[in-house]
Amino acid sequence: MTFPLFPSPEAGLVFAVVSGFGFGFVLERAGFGRAQKLVGQFYGYDMSVFKVMFTAVITAMMVVVAASAVGLTDFKLIADHATSETLLVPFAIGGMLVGAGFVMSGYCPGTSWVAMASGKVDGLFTVIGTVIGAVLWSEVEWRPGFSTFHNMTNVGNFYLWELLHLPGRAGPVIVAVAVIAMAAGCFVGAEKIERLLADRADPLARAIPGGRPRGLVLTGFAALALVGLAALALPTGTQAGAREASAMTPAELAHHVFDSPWTVRVLDVRPMAECAAKRVPGSECVPEADLGKLRLADAEPSRELVIVGPGVAAAPPAAAAGYRGKLSLLQGGWPAWEAYALAPPAPPAPGAPAADVEAYRVRAGIQSALTGMKAAPPPPPPTAAPTGGPKKGGGGCSG
Amino acid sequence: MERDPNKFWNPHLAGVALGLVLATTYLVMGSGLGASGGSLRIGVWFVSLFAPGHVAATPPLARATVAEHPHWLVYELFGVMLGGLVAAYTSGRLKAEVLKGPRISTASRLALALAGGTLMGLAAKITRGCASGQALSGGALLSVGSWVFFLAFFVGGYGMAWFVRREYR
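So the sequences go chain by chain: A and B.
First residue of the first sequence? That's 1 in the working numbering, and the numbers climb one at a time after it.
First residue of the second sequence? That's 1 in the working numbering, and the numbers climb one at a time after it.
Now the stretches of chain A that chain B is said to cover, found in silico as 3 or more residues with beta-carbon under 8 Å:
1. 17-26
2. 39-48
3. 136-143
For the record, the hints were derived by calculation from the structure and aren't laboratory data.
Virtual Cβ for every residue (Gly too), placed ideally from N, Cα, C.
Based on the sequences and whatever the hints tell you, model everything.
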């Protein structure tokens with residue numbers, strides 16, 4: 001699995017500006033910086049909102065479906081990360097209020113920023129309104145009464161394929177193909193309505209009529225539906241791909257545990273007594289029989305799951321195989337960790353390469369940290385002349 | 001290229017372009033696009049200029065100040081403005097004006113824009129996202145809640161349209 005990339009926070013902020021730029025640029029070019037064009041949807045003379053939104057939904061959906069089918073990502077992993085929980089009653093009522101506010105202001109929150117940027121004063125007022133509204137609701141949402149409404153009928157992350165009781169792997173693809181079929185029908189209907197009302201339309205807000213583009217659109221949909229069907233037939237399911245556990249060496253595990261413990265979740269599956277006596281720092285003691293209780297298939301998949309077993313193992317325990325994130329086995333199990341991290345390392349021979357000396361330093365540091373050794377380990381023997389020659393005197397900027 | 005302010009992209013092509021932007025965002029960030037999330041953070045920043053103690057005492061406002069809150073959404077809004085500005089300039093649509101029909105005064109139009117915006121900002125908190133965050137980003141990932149939002153959005157829009165019909169035409 002390659003995607004999502006989950007970039008570092010700083011890179012994420014740069015990407016946010018770039019993707020926002022694309023978002024704003026396309027919205028403006030679609031005509032969504034203009035209130036009349038947007039509200040045309042609700043007076044029947046311009047169905048652009050519907051067409052742009054639906055085409056965008058289908059395009060994004062099919063990219064993720066296709067990427068999942070070839071094992072680059074996992075539809076449900078992205079969906080769990082990117083979508084909110086489903087709260088039926090608040091969403092139905094709030095959705096109607098957003099729709100009403102949309103017709104009153106002429107914009108939705110996203111397009112109001114585009115309108116503001118292109119000089120529309122009504123867009124600026126809408127932006128100010130959305131900020132005020134967001135703060136207003138935050139003021140009351142946690143108070144008694146309001147919080148009951150705000151949090152009612154929460155069914156968690158809930159997807160259309162689950163609603164229809166379709167299997168987890170094929171479900172998203174089947175629903176996606178159905179959505180495409182539905183959209184194609186709706187587009188034909190929308191253009192009929194537009195033609196009926198065309199003589200009334202404001203010339204500024206008139207949509208590009210049907211004809212050749214429409215033929216292309218329907219052809220495109222048919223092609224996308226075929227991609228979906230091909231995705232169904234592909235044997236490489238992402239679920240199957242995720243089941244292969246990679247091997248992690250003790251040195252890699254030590255690196256994670258000391259430098260970035262938040263990236264891993266370490267499960268020690270040895271018997272409780274052994275694990276309670278000595279274990280990898282930060283690991284959870286979960287005897288193999290109890291693994292099922294963790295419901296790893298439903299667990300949050302952002303951290304890499306590392307299994308520490310009693311010895312060499314070829315495959316992860318069955319209960320861990322359903323984990324949707326990255327899954328690793330500690331190579332050699334607990335004995336390998338004990339030998340690497342808890343036994344004093346042998347000092348490198350005099351004249352050993354710098355890499356060996358560095359590895360010794362790291363291991364000695366790990367060992368003293370984990371065994372509580374107060375005394376420093378013996379210093380590494382002097383090495384051959386360091387590469388690059390002796391440093392000249394002075395220093396600073398002159399060199 | 002000639003600048004024609006009345007020329008727009010074909011809605012389906014614009015939809016494909018928007019969908020590709022959205023899909024890229026999924027694959028890189030693991031999240032979709034959003035517009036209303038950033039508004040709250042901007043509002044909280046403004047409130048904290050005058051009443052920092054009040055922000056700390058109100059849990060939903062305080063939550064928006066912690067590091068885990070997706071503050072990349074504010075950067076995204078900055079990008080949206082930049083993209084909108086460039087697209088408006090290059091298409092000849094960059095112009096300070098109030099968009100309204102001939103049958104409504106400027107003051108009434110702006111008052112309705114402010115009121116509508118406030119209603120949307122408030123309701124988008126109830127729905128945990130607006131047209132971008134719920135309908136678009138959640139809809140493409142087949143979330144039931146997003147499709148409920150999508151349908152309710154159109155119901156609310158058609159229900160309100162008659163009452164403000166003089167606003168635009």
